Structure formats: structure tokens, C-alpha cells
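Participant: Residue numbers (the UniProt record's numbering), protein chains in the order written: chain A, 1 to 193; chain B, 1 to 575.
These are calculated hints, taken from the structure and not from any lab test. It cannot be assumed that every hint is accurate.
[Claimed, not checked] Not the full set, but computed from the structure, chain B residues with beta-carbon under 8 Å of chain A: (1) PHE74; (2) VAL133; (3) SER134; (4) PRO343.
[Unchecked claim] Computed far set for chain B versus chain A, every beta-carbon distance over 12 Å: (5) ARG37; (6) ARG263; (7) SER292; (8) SER344.
Remember, predicted model here, so these are calculated numbers, not experimental data. Backbone N, C-alpha and C define an ideal beta-carbon position, used for all residues, glycine too.
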Amino acid sequence: MEDHDNLKATELTLGLPGTDAIEKPTPAAPNVNKRSKEEECCGFTGSSGRPAAKAQVVGWPPVRSYRMNSFRERKTEKKEEDSTGIYVKVSMDGAPYLRKVDLGVYNSYEDLTEALDAMFKGFSLGKRITQRQAHDLHRVAEGGDESEHAITYEDKDGDWMLVGDVPWEMFVSSCKRLRIMKGCEARGLTSSP
Amino acid sequence: MTYFPEEVVEHIVDFLGSHGDRNAVSTVCKAWYQVDRLSRRSVFVGNCYAIRPERVVTRFPEMKSLTVKGKPHFADFNLVPYDWGGFAQPWIEAVARGCPGLEELRLKRMVVTDDDLELLARSFPNFKSLVLVSCEGFSSDGLAAIATYCRGLRELDLQENEVEDHGRQWLSCFPDSCTSLVSLNFACLKGEVNASALERLVARCPNLRSLKLNHSISVESLNKILARAPHLVDLGTGSFTIDNRSETYRRLINSFFKCKSLRSLSGFWDASPFCLQAVYPVCTNLTVLNLSYAPAIQSADLTKLIGLCFKLQKLWVLDCIGDKGLAVVASTCKELQELRVFPSDIYGAGITAVTEEGLVAISSGCPKLNSLLYFCYQMTNSALTTVAKNCPHFTRFRLCILEPEKPDPVTNQPLDEGFGAIVRSCKNLRRLSVSGLLTDQVFLYIGMYAERLEMLSIAFAGDSDKGMVYVLNGCKNLRKLEIRDCPFGDAALLKDVAKYETMRSLWMSSCDVTLGGCKALAAKMPRLNVEIINENDGTCESKENLSDLHKVEKMYFYRTVAGPRNDAPDFVWTL
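Could you build the full structure based on these sequences and the hints that come with them?
Facilitator: Have a look at this one:
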């Protein structure tokens with residue numbers, strides 16, 4: 001936790017050192033219109049000492065909260081859109097060409113396998129993957145399920161991993177490329193050391 | 001006139017359009033009061049707490065249209081707590097009992113629930129028009145009730161409301177038999193709307209003239225809608241984004257070519273520059289253009305578009321249009337009557353967007369300008385004086401310099417003289433908002449010259465009580481006064497209390513009025529509701545402990561014949 005504090009101290013912001021940007025109150029939030037807060041924020045004298053964070057005065061500039069909110073939403077939406085998609089190559093054993101998927105579009109392993117299923121129509125991918133509990137792993141190792149293929153991925157370290165072990169978000173951040181392997185080859189991945 | 005039979009008086013009175021005139025007629029004598037009350041079709045209630053709903057219903061039994069306003073104006077800027085009041089329920093209930101023939105209801109800044117909407121939908125068989133502006137408290141469920149039960153609905157106009165999305169496909173609730181829609185505005189809705197249900201609805205309503213879509217409607221859907229409704233006069237586009245110069249885009253241009261009746265455009269939330277080109281065919285006929293929700297459009301593209309709109313009468317833009325962009329407006333839009341320039345960078349580090357130069361250019365290019373809302377970085381006395389000379393027809397003049405108490409940057413003087421020039425020149429000024437560095441002097445000018453002024457908004461201005469007294473003494477027609485962060489105190493408040501019965505309301509926040517002053521006012525004026533809004537950590541036991549010298553954070557009073565209201569929350573204290 002101490003690291004977080006240090007990071008914040010060296011963070012670049014537009015405000016004066018020591019001033020923190022206060023979140024604007026939403027319409028539903030009461031108890032935000034305190035006089036003392038305003039006096040703190042806007043010690044306006046008209047001649048000098050203009051505070052850097054002028055937007056902290058409640059209800060100023062006098063713009064309808066509906067308009068303010070729609071801009072705020074647009075800003076966060078734009079941030080999400082601006083970040084480039086997380087495109088990774090997908091190869092399937094036996095398929096003549098590779099494909100690319102944007103991992104950022106999916107929310108879960110089910111969504112991803114559904115999409116891959118559709119993408120590589122005609123090649124059965126077997127049952128949908130969910131994040132496996134530890135006790136499921138042995139079933140794959142024993143080759144006990146009916147899947148003909150296994151979905152694997154290359155992570156940041158260059159290792160080939162079986163898809164489904166880690167939480168979805170962790171997977172998305174570490175996945176470099178996907179490979180759909182034939183089931184018999186995949187079994188080798190889960191053999192315990 | 002008293003020799004005329006009632007029917008003749010009624011016929012004459014019918015020609016009077018304004019509420020003010022009809023109100024005046026009703027005070028002449030008992031006979032005329034009766035004529036007016038039985039023939040009044042359209043009733044306007046400026047403050048929902050000024051009178052009880054039952055009294056309105058009893059007095060005007062033939063009422064067909066009712067307009068009610070709730071919260072004070074400063075509620076728009078988060079200065080009024082969420083559950084302060086302004087409930088539509090008692091109004092809808094009373095009218096449902098007393099005037100089942102109601103056809104039109106317009107509510108502004110009120111709390112409307114889904115139950116209210118359902119009661120409304122079921123109670124008025126001839127209901128035609130619902131307009132909700134800046135309201136809250138309802139969801140798509142309430143809209144579903146309106147769609148389902150209001151046979152013959154002509155207008156559903158939702159402007160800038162906070163509507164909860166319960167996922168209900170309310171639009172699909174319009175029955176197949178509904179063919180009467182003339183105006184539909186759901187631009188403020190955040191949720192998804194069933195596009196194909198909308199397309200079918202548009203197809204079966206041949207009289208549809210105004211349609212404002214929300215964010216969820218794609219360009220593909222817009223194409224289909226425009227194909228079905230080429231007679232649209234007023235359009236609010238959906239998302240207006242498109243990936244590339246595709247077939248959809250070509251069809252879009254084609255659609256707009258066919259919309260020969262289009263006069264008003266708004267929306268454009270995510271418009272990319274070349275998408276705007278699709279509307280070029282309609283620009284030459286546009287009279288109303290609202291680009292104020294389109295921060296993605298840069299100045300160059302804005303001006304290319306506006307440069308074609310030479311019939312424009314009303315323009316709403318963001319300040320990223322810049323002074324240069326406003327110069328293009330000035331040289332193109334000679335018919336311009338209303339201009340609003342909104343700030344686009346509210347949280348930023350003060351990116352210079354528009355200054356006094358833009359306003360001066362507009363004033364010299366657009367002599368018909370009568371309504372202005374202008375958010376700018378700075379203003380000078382010289383510019384305001386020029387504007388006053390160029391545009392003497394202002395009825396509404398609202399200037400907001402983004403930084404409070406900012407003086408004239410050239411002379412470092414207050415802006416008293418500039419605003420003084422405005423009130424001297426604009427004899428018909430009804431609404432004024434001032435900003436920047438201002439002393440008591442500006443209020444002396446306002447009191448002296450602004451004879452027709454009805455609404456005045458003041459923030460971070462003035463030196464002493466004298467400022468407020470000048471205004472109250474001078475402005476004979478003042479109806480609404482709202483003040484924040486000014487050094488006005490009890491002396492000003494109590495100087496001429498009789499004045500307040502000629503006004504609708506007064507708001508003062510973060511000023512110098514004390515509890516004692518407010519109590520004195522309440523004691524002298526029993527027909528005012530003097531409300532103290534006290535949000536100190538939610539504790540109300542301290543009411544008795546507060547000394548009279550305690551400065552009141554927020555005071556709102558209004559004239560009323562209804563007595564203190566019974567729906568006030570804990571933190572509102574009616575003296």
C-alpha cells in the first residue's frame with residue numbers, strides 16, 4: 001500500500017501541488033453543498049490568487065447537470081473506444097490460414113469459445129470452456145472428456161498454456177496468441193510435474 | 001362592456017392568448033371572472049407550491065392543457081437536494097378527479113413516478129400530449145404505460161429527463177392501432193430501443209413531423225426511418241457514426257436528399273466529420289440547428305456545415321467552434337435570432353475557446369439576435385457596449401464568464417459599464433444573467449433601466465446590500481430573482497418585503513442572510529413560504545439550537561396561497 005502513496009506523490013496532474021481533484025457530485029448525492037467547502041475551493045478575490053482547480057465550485061459553471069453528465073459519460077466511453085483492440089492471432093491445427101480475434105470484445109471464456117466455434121465452423125471444438133476448478137484438470141489429463149481439440153495460448157513468457165485456468169481478465173492481459181490444438185497433443189500440457 | 005351578454009365577453013376574451021392577459025381579465029369583476037374561468041382551456045402554474053391542485057381544478061373545470069413547474073431553476077446546477085420536492089402526483093391525481101377531459105400536460109423540473117404516468121395514461125381518454133422537461137423519478141416502465149393506454153396520443157416529448165432504464169421495450173407497447181403520433185422525442189433515454197418496433201411505428205404514423213432519437217439508434221436504422229418519414233420537419237439523429245464510406249453512408253445521403261421538409265436538426269452525438277456531409281443537402285432550409293451535444297466535431301467541420309445554413313434562426317453549439325467559427329456564423333446566418341454557446345471543456349485547464357471577439361462578430365452580423373446564452377473565457381466592457389449598440393432587441397441575455405469575478409482583461413475594471421450598456425439599450429430585456437467582476441454599480445444600472453426585466457440571475461457579484469436593494473427597488477416587473485455567493489444580507493432582504501408578493505420566488509444561497517433575518521421575513525409575510533434548506537450532515541435536531549445569527553446556506557421563498565407544504569423533507573425547514 002505504501003507504494004501506492006509514493007506513486008500518487010509523483011503523479012503528474014494539472015492542479016497545484018497539494019490540491020486533489022474532487023469528483024463532481026452527482027444529482028442524487030446529498031450533503032455536498034457545504035459552505036465551508038466552497039469557501040475553501042473558491043477564495044476568489046478577483047485580483048490575484050486564482051485557484052487552479054476552478055471547476056470545484058459546486059454548481060459552477062451553470063450548466064445543466066443533464067448536459068454535464070452526458071459529457072462525462074461520453075468521455076469515459078471515448079477512453080474505452082480509444083484503447084486499441086487486443087488482437088491476437090488464432091491458429092488451428094489443420095486449417096489453411098490463421099485468424100485474428102479482438103479479446104477486448106469478449107467478457108468470458110464462454111463468449112470466446114463461442115466465437116472461435118463460429119469462426120472455425122466445421123471443426124468441433126468440443127465443450128465450452130469455463131474457468132476450470134482445480135479438480136477438473138485431472139479429467140483433461142486423463143483424456144476423459146469428448147473434446148477433440150484444446151484451446152491453448154502463448155503467454156507473455158512465451159509458454160504455451162491451456163486456456164481456462166486463470167481468471168478471464170488475467171488471461172486477456174497475458175495472452176499473446178491462440179492455438180487450437182488437436183486433443184491428443186493437448187493432453188501433454190496438463191500432466192503434473 | 002358590462003352590457004354585453006356573457007357569450008360575447010367570452011368570445012372577446014378568447015382572443016387573448018397570454019396567461020397574463022387572461023389573469024388580468026379575471027380580476028375585473030365577478031362576471032368576467034366567471035367567463036374566464038369557464039372558458040379557460042390552457043392553465044399555467046409557474047410554481048407547483050403556489051396553489052393547491054384541487055383549487056386549480058375547481059376553478060377551471062374545462063381545462064384542456066396544464067403546465068406546472070416544480071423545482072427552482074438552480075436545481076439544474078445541483079444546488080437543490082435530490083428529494084426537495086416538486087411531486088407531480090398530487091397534480092395528476094387532482095386533475096384525474098376533476099378534469100378528465102385533459103388533453104395536454106407539460107411538467108418542468110418535477111418528480112414524476114411510474115405510478116403517476118400510469119395514472120395519467122388510464123385517466124384521460126382524450127389525452128394527446130405529454131411534455132416532460134428536466135424531470136426525474138420515472139423509468140421505461142412508466143413510458144410503457146403511456147404507450148399502451150394513451151389512445152390517440154399525438155405528442156410524447158421527453159427533454160433532458162433522468163430516466164431509468166428497466167429494459168422494458170416501451171416503444172413496442174404502442175399498439176398497431178396507434179397511428180396518430182405527430183411528435184416523438186426520446187433523445188434523453190439511455191437504454192436500448194427496439195429499432196424495428198420504431199421503424200414500424202414511424203411507418204404507420206403518417207402525421208409524424210418531429211422525431212428525436214436516442215443514442216442507441218444506428219445509422220442503418222435511421223436510414224430506414226427516413227425512408228418511411230420523408231416529411232419530417234424536425235429530426236434528432238441517433239448515434240450518427242459510421243465505419244467507412246459504405247453503402248449505408250450513400251443511402252444516408254440519399255435519405256437526406258429526400259427530406260425536403262426538414263427544418264430542424266439535433267443529436268449528432270458521435271458524428272464523424274464526413275458523416276456531417278450527409279446533411280449538407282438540407283442545410284439551406286434549416287432554421288434550427290443543435291450541435292451542442294457533439295464534442296467530437298471540430299471547428300473546421302462545424303463551420304463548413306454552418307456556412308451553408310443561411311436561413312438559420314436558432315443555433316446551439318459548443319465553444320470549440322471558436323471565435324473564428326462564430327465569425328462564419330455572423331457572415332452566414334443573417335436571420336439568426338437565438339444563439340447558445342456551451343462550454344465543452346468543463347473540467348479542463350481553461351482551453352481558450354470563445355472570447356468577446358466572437359460575440360462582437362455575431363452582434364454585428366446578426367442584427368435580429370434577441371436571445372443569447374454565451375459561456376466564454378473573458379469579456380470586456382468595450383465589447384459589451386458594442387454588442388448593446390448592435391443588438392438592441394435582446395429579450396434574453398445570459399452571459400457566463402467561466403471564471404467567477406473575472407474583470408475586463410484589457411482595463412482590469414469590473415464589467416458594470418458593459419452590462420449597464422446592455423440594459424440601457426435593450427428596452428425589452430426580460431431575462432438577464434450577469435457574471436464576471438461586478439460591483440453594486442451594475443445593480444444600480446439594472447434597477448434604473450431594466451424595466452421589463454422578469455428574471456435575474458446573479459453569482460459572485462456585488463459589494464454590499466445596496467446592490468440587491470437597487471434591483472428590488474427598480475425592477476417593477478421582476479418575477480424571479482436568484483442569487484448565489486453574493487454579499488447581500490438581512491438589511492437588503494428586509495428592506496421592502498411587500499415587493500415579494502409581486503414576485504414568484506427568490507433564491508439566495510451562500511450569501512449573508514441569517515436565520516434571524518429569514519424568521520423576520522416569514523413573520524412579516526404570512527403569504528410567503530420561507531424555506532431554509534439545511535443539509536448539515538442530515539441532523540435536524542440542531543434546528544432549535546441554531547442561533548439567529550447563524551448564516552443560512554440556502555434560502556428559497558415563494559408566494560403562495562396554499563400555506564406551508566406538507567411534503568417537505570426533513571432538511572427543508574419552512575419558517
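Participant: Could you tell me which of the numbered hints above are not met by this structure, giving the numbers in increasing order?
Facilitator: 2, 7, 8
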